[in-house]
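**Q** Listed below, chain by chain, are the residues.
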Amino acid sequence: MHPALFFIFGAIAVAGAVNLLVQRTPIFSALSLVAVMGALAVLYLLLGAEFIAFVQVLVYAGAIMVLFVFVIMLLNAQQPESSHRSRVARLVGIPVVVLLFMEVAGVFAATYSTTPVGFSGRIITVQAIGDALFHQYLLPFEVTSVLFLVGIIGAVMLAARQEPPQPPEGRLPRAQAAGHGGSGPTPEMAAALRQPARALGGVGASDAEPHAAGTEVKPR
Amino acid sequence: MPLGIFFLISLVKVVLTLAVLLTLVAYVQLAERRIVARIQRRVGPTRVGPSGFLQPAADTFKFILKEDITPTEAHPFLYVLAPVISVVLALTALSVVPIGGTFHLFGYPIQFQVTDINVGLLFVLGVTSLGVYGIVLAGWSSNSKYSFLGSLRGGSQMVSYELALGLALIGPIMLAGSLDLRQIVNAQNHIWYIVPEFVAFCIYLTAAFAETNRIPFDLPEAEGELGAGYHTEYSSMKFAMFFLAEYVNMITVSCIATIVFLGGWHGPMFGPALLRVFLPVIWFALKVAFFLFLYIWVRGTLPRFRYDQLMGFGWKFLVPLALANIVVTGAVLSFH
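Those protein sequence lines, which keep their order, are chains L and S.
Take the first sequence: its position 19, counting from 1, is numbered 19 in our numbering, and each next residue is one higher.
Take the second sequence: its position 285, counting from 1, is numbered 285 in our numbering, and each next residue is one higher.
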């Protein structure tokens, strides 16, 4: 049963990854990446690493990719033409990809064996992972968390700079705050609200005139 | 256990769970209408069957018979995918929830649970965290202002309160020393975790209301402002699927609250052997029913939050409080 599951979800992961590259609408690329994450989680499960599998779903698919989808929906909304196939990518990218694949294939050929892989009782339980993180790798763990903290503070600084000065208490009602964690709607958001799906090329992307009849979505 | 028997038992469990769950959702909704009506000094639905008992059947037929509309400007694929994501994830999360102990049938041990995995709590959190895609995609693909605003609110609200929800559960996990839902229940033999972890219980309950988009945190579908929020453009069975997902999610968070804080299926045991098999399930059901009643009671009582209040409350109050609770729990545990 396991080999069949491996091939099914391996195929899903590869298909999602290819679709991620081929899709021209960013939203579908993001959703394919979610599918890849989900398939990867199942592959982890098949290896017996339950903790890693569900943390993968929780963190990557459930949190990080949601932010990706949000950003795509809000920021890209003004560009109906989503992505152009760049010539540089074609001329440089394809040879590099072929080279990389050859290298990976070489490594696989050198280390090929028919013994099934697995975590085989090493780090599979939550206890073992916690033990490794907080005894053996305590310093790297703490350094990583400081790095994350710096990143968070930097992000807050960048976000706060663009806002008009708020009263220090921050208690005044901000009536226009909508879906943005407190700041007012940006022009991009307003554009996204006018034409969410259409603007991303989801429906009628060929419709070049933004003010053509019927483009404006009317509340029903 | 032979593979065939394993599949047979699993199939029976899945079918039973789905049947019980769908019936439960129908009657929770009837109970909600009756209780809210009583709170507001109305009568509620009483016409279909004895005291409205067949109302859910009538509602279901109405859903099926309604015209299934897809707005012309909607994205055809994502518009259909969104309710499917919501329902599938909501039902999947419940598959690891244990509702009773183990009993033996024809020599095979059978658990009151579809499947038992040793990181069950993480599974539930992971699957429910994906539920946000259903809401976000529904709002975006409908191509309507109200839907889009509702889905934005829903998405950011769920991502924010997931944090407080997860952090609140860490205290009990530290006490039990396991992510396995069965072990968490068994660790509460002496004392229910609601007593040592009362703060975490309050945080969990608040965050759970926000996670399931219920009053007082039902900003994503605030009728007065947004029509009906992210499912404004949905009709017929597609709307029913969102509806189903919301109520199944309510049941899921109630089950988790029961397991983690109220000792799961623990309760007084008495009577003959057959009763002893099903008594734990009854205790479990009563505790879950308490939480569901709480949901309805709160809906009939409290007004809605304002959006910035909601975000501020989550990030500036609940999350720091949950972190402090973890520190205190850890300190007490290490000094014991």
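Among these hints, one or two may not hold up.
[Stated by the list, open to error] Distance windows between CB atoms, simulated:
{"id": "1", "chain 1": "L", "residue 1": "A155", "chain 2": "S", "residue 2": "A331", "range": "51 to 61 angstroms"}
{"id": "2", "chain 1": "L", "residue 1": "A89", "chain 2": "S", "residue 2": "P76", "range": "23 to 33 angstroms"}
{"id": "3", "chain 1": "L", "residue 1": "A109", "chain 2": "S", "residue 2": "S236", "range": "33 to 43 angstroms"}
{"id": "4", "chain 1": "L", "residue 1": "Q127", "chain 2": "S", "residue 2": "F317", "range": "54 to 64 angstroms"}
{"id": "5", "chain 1": "L", "residue 1": "D131", "chain 2": "S", "residue 2": "M1", "range": "31 to 41 angstroms"}
{"id": "6", "chain 1": "S", "residue 1": "S236", "chain 2": "L", "residue 2": "P140", "range": "23 to 33 angstroms"}
[What the hints assert, rightly or not] To list a few chain L residues with every Cβ distance to chain S over 12 angstroms, as calculated:
{"id": "7", "residue": "V14"}
{"id": "8", "residue": "L58"}
{"id": "9", "residue": "L74"}
{"id": "10", "residue": "M157"}
[Stated by the list, open to error] Counterexamples of contact, computed for chain S against chain L with all Cβ distances above 12 angstroms:
{"id": "11", "residue": "A58"}
{"id": "12", "residue": "V87"}
{"id": "13", "residue": "G267"}
Treat the hints as calculated values from the structure; they're not laboratory data.
Owing to the predicted nature of the structure, the values given are computational and were not obtained by experimental measurement.
All C-beta atoms in this analysis are idealised placements derived from N, C-alpha and C, irrespective of residue type, glycine included.
**Q** Does each hint fit the structure? Answer for all of them.
**A** These are the hints, each one checked on the structure:
1. L:A155 / S:A331: 51 to 61 angstroms: violated, 31 angstroms
2. L:A89 / S:P76: 23 to 33 angstroms: Holds - the Cβ-Cβ distance for A89 (chain L) and P76 (chain S), about 30 angstroms, lies within 23 to 33 angstroms.
3. L:A109 / S:S236: 33 to 43 angstroms: violated, 56 angstroms
4. L:Q127 / S:F317: 54 to 64 angstroms: violated, 32 angstroms
5. L:D131 / S:M1: 31 to 41 angstroms: Holds, at about 33 angstroms.
6. S:S236 / L:P140: 23 to 33 angstroms: For S236 (chain S) and P140 (chain L) the Cβ distance comes to about 54 angstroms; the hint is violated.
7. V14: Given a closest Cβ separation of 21 angstroms, the condition holds.
8. L58: Not fine: 4 angstroms to the nearest Cβ puts L58 (chain L) too close to chain S.
9. L74: violated, 8 angstroms
10. M157: holds, 17 angstroms
11. A58: For A58 (chain S), whose nearest Cβ neighbour in chain L is about 26 angstroms away, the distance exceeds 12 angstroms, so it holds.
12. V87: holds, 17 angstroms
13. G267: holds, 29 angstroms
Of the numbered hints given earlier, the model fails hints 1, 3, 4, 6, 8, 9; all others are met.
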